[in-house]
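Between the sequences and the hints, there should be enough to build the whole structure, so can you do that?
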Amino acid sequence: MATATATRTPNRRSRAARVQRGEQLLSSGFTYIGCEAIASADLQPAEAIRQAERLLDGDQDRVGKMCEEEILTPQHERDLFHSLNLLKRLAAEIAEGVNRSNPKSAELDEIESLSKAALQVRDYIIRSNLRLVYAVVKKTLGSNSTLGFDEFVSDGVCTLMNAVEKFDYSRGFRFSTYAYRSVARTVYRAMLAAQKEESRLARDAEDWAFEQQPEESPSLAHDVVGERLRSAAAAMVDKLDRREQLIIRSRYALGAHRKVRSFQDIANRLGISKERVRQLEKRASDKLHEMASQLDHDELFGAALA
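Using UniProt numbering, the first residue of the sequence shown is number 1, and each one after it goes up by one.
Heads up, some of the hints might be wrong.
Stated by the list, open to error - Within a straight-line C-alpha distance of at most 25 angstroms, the following computed DMTMM-like cross-link-like pairs (lysine to aspartate or glutamate) qualify: (1) Lys196 - Asp238; (2) Lys166 - Glu110; (3) Lys274 - Asp286; (4) Lys139 - Asp155; (5) Lys166 - Glu112; (6) Lys139 - Glu151; (7) Lys116 - Asp57; (8) Lys116 - Asp168; (9) Lys116 - Glu36.
Hints are computed from structural coordinates only; laboratory data are not their basis.
This one's a predicted model, so the numbers in the text were calculated from it and none came from an experiment.
So, in structure tokens, the structure goes:
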């Protein structure tokens, strides 16, 4: 009796682990763009994965060189999207037959392998089209250097990712044609929102800077930081985006700002978390360090913004 009980306990644990793994793998579902070529493809999961690997052959040596991917040829692009949706179709078909209360390890292994291969194909397509996002952001922002370029790129990449999931290659269009309008629309709307936010921040910053504050004796550290920044960084701070300018000037009492503000003060003013203010200050400081290093003032900023 004791032996039987001991045997059942590991089995139950194994089953519980498989159920949990199955829930994780199947929770998001598997959606793909169906077309005749995808529906009629007669490949086993292992064959589909090998086909995807051949399409990505050599890509691992270039991971991280985001915009250095070669522009996809029309045929390579079609093959990649065919592979992506076939992998997801096969994963979806296996998932439909899984007994979620007692899934088989072999089924979960196949689903996991197919999902991983599909993700690699998707990421390859995204990397190969990142230059489209950079081009759209550069064209949309133009000479407006006060807006954060990286944030717009991030918005554009998110839209690009969604476009990859929705693109139907069987209709004969190039992916760039399909994705361009969506990315451009997203970046343009983000730019309008940022400009509106900049105007609000400019008004708030001016009002806030001249609020009457009780006289305080600034610490020696802040006094030194303020003097150094006033003499060497005024022009550089102007190159930051509006929100970053407000944070740096408020933290170090620059320009018309008469009082060193706490992270919480700034967070309350901007309507964001204190931790987000810290992150933005760090990002702004990094930008100033970079600008300073180009002008041989990096040592100054090392002391000023440490």
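Hint check:
| no. | hint | result |
| --- | --- | --- |
| 1 | Lys196 - Asp238 | holds, 18 angstroms |
| 2 | Lys166 - Glu110 | holds, 24 angstroms |
| 3 | Lys274 - Asp286 | holds, 19 angstroms |
| 4 | Lys139 - Asp155 | holds, 15 angstroms |
| 5 | Lys166 - Glu112 | holds, 22 angstroms |
| 6 | Lys139 - Glu151 | holds, 15 angstroms |
| 7 | Lys116 - Asp57 | holds, 15 angstroms |
| 8 | Lys116 - Asp168 | holds, 21 angstroms |
| 9 | Lys116 - Glu36 | holds, 24 angstroms |
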